[in-house]
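Chemist: Which chain is which? The protein sequence lines are A and B, in order.
By this note's numbering, the letter at position 67 of the first sequence is numbered 67, and the numbering carries on one by one without gaps.
By this note's numbering, the letter at position 160 of the second sequence is numbered 160, and the numbering carries on one by one without gaps.
What the hints contain is simulated information worked out from the structure, not anything from laboratory work.
One or more of the hints may lead you astray.
Unchecked claim - Residues from chain A shown here face chain B by an in silico Cβ test under 10 Å; the list is partial:
no.: 1; residue: I48
no.: 2; residue: L91
no.: 3; residue: A118
no.: 4; residue: T142
no.: 5; residue: E193
no.: 6; residue: I204
Virtual Cβ for every residue (Gly too), placed ideally from N, Cα, C.
Number of protein chains: 2
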Amino acid sequence: MTNQPDDQLRVRRLPDRARYELQAVKAILAEGTLAHVGTIRDGLPIVIPMFYAVDGNDLLLHGAPAAGVLRRAAEQIEICATVTIVDGLVLARSAFHHSMNYRSVVVIGVAESVEDPAAKASALDLFADKIVPGRQAELRPTTEKEIRGTSVLRLSLSRSSAKVRTGPPVDDEEDYDFDVWAGVVPVRTTFGEPVPDERLKDGIELPISIEHLFDS
Amino acid sequence: MTNQPDDQLRVRRLPDRARYELQAVKAILAEGTLAHVGTIRDGLPIVIPMFYAVDGNDLLLHGAPAAGVLRRAAEQIEICATVTIVDGLVLARSAFHHSMNYRSVVVIGVAESVEDPAAKASALDLFADKIVPGRQAELRPTTEKEIRGTSVLRLSLSRSSAKVRTGPPVDDEEDYDFDVWAGVVPVRTTFGEPVPDERLKDGIELPISIEHLFDS
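Produce the entire structure from the sequences given, and follow the hints as far as they go.
Modeler: Written as structure tokens, this is what we have:
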């Protein structure tokens, strides 16, 4: 007997699983809005919401150069970025089995500070397009001063995992007879009527990029 | 000259600010859904989404006893729980000034493991009522076995802070002439049509607690 078949299986299977996971991770990141980024400050954990975008197989994190989390993260320490989307309230027949349907991604790793001005400018474009797809094309180019005033961290998605809960409540068998409504209430993120800036110039219509937000 | 007036001012002002902040913190926690909880695992930060409820001036965190974050947090180490609500996409005239309107709360401290069975049962009630206000009254009481199968952490709100961004984009003065739409797109969390469990008994109507979710 030899371990070879198992090893081969492992070699064949792990890349598949990794690809699948990276696809799942990227699908969740495409839909999420904020990352909650954990770093260690004076030996203690601190979690801050940060804006992010995805660039290929990397997560880009965005902030002001003065932001503590960015300064600490740039010191080549490991950080953790978690993105969660709530999909539903799971209403079971007992308090114990109440839950949420959700999709979450955890990315860990040492973040790299993006220093190249062109890469920082392109990151700002990605952030604008993450907020509203197509937005960047409507804006003037980023200036050198703005690039200097921006900090961007790059965190590889190579150490990331996705976790998903879907479906109905799972109750104890004896509780299915209980006379109480059970099921799932879907949770959605929706957009309200756009509020034009008070200083918006006359005659400027809502661009198609923003109109597309309301398509789905 | 003496520092006394300043000191008095400080004594008078800080409690006001603290009260205000605690009110602001609790208002945000009442509306939020998930906490992103940071702990340290093998010296590195890890951030996990967790369900929470508020009990007086404490945050209650809920999970399975096996959950790593709960086990680590119960070891009398400091944790950080962050709750963020996104209120709007802030669309400026430059990529640089794009932002989000949001409300966030950061709570830090050493969490206490809730061990008293009655306190754990009442925490489960609070969690059910946090998911759907009034839900707990519709459910059977929690069993002793369920109480044993539940871990609850209590984290004081005494070391908490709120951070809020509201209002329109703030652009560079020279950009207000630029021909691009700018303003805020409100972001809301809404509920979809409730999906009854496939095993729901015939004749059970949607309870008023769930109908109330659609009031606003």
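Chemist: For every hint, state whether the structure bears it out.
Modeler: A quick look at each hint next to the structure:
Hint status for I48 (chain A) relative to chain B: holds, with the closest Cβ pair at about 7 Å, below 10 Å. For L91 (chain A), the suggested interface contact is upheld, since its CB lies about 6 Å from the closest CB of chain B, less than 10 Å. Residue-level restraint check for A118 (chain A) is violated (minimum Cβ-Cβ distance to chain B is 14 Å; threshold 10 Å). The closest approach between the C-beta of T142 (chain A) and any C-beta of chain B is roughly 6 Å, which is under the 10 Å cut-off, so the hint is satisfied.
At about 7 Å, the closest approach between the beta carbon of E193 (chain A) and any beta carbon in chain B falls short of 10 Å, and the interface hint on this residue holds. About 5 Å separates the beta-carbon of I204 (chain A) from the nearest beta-carbon of chain B, less than 10 Å, and the hint is met.
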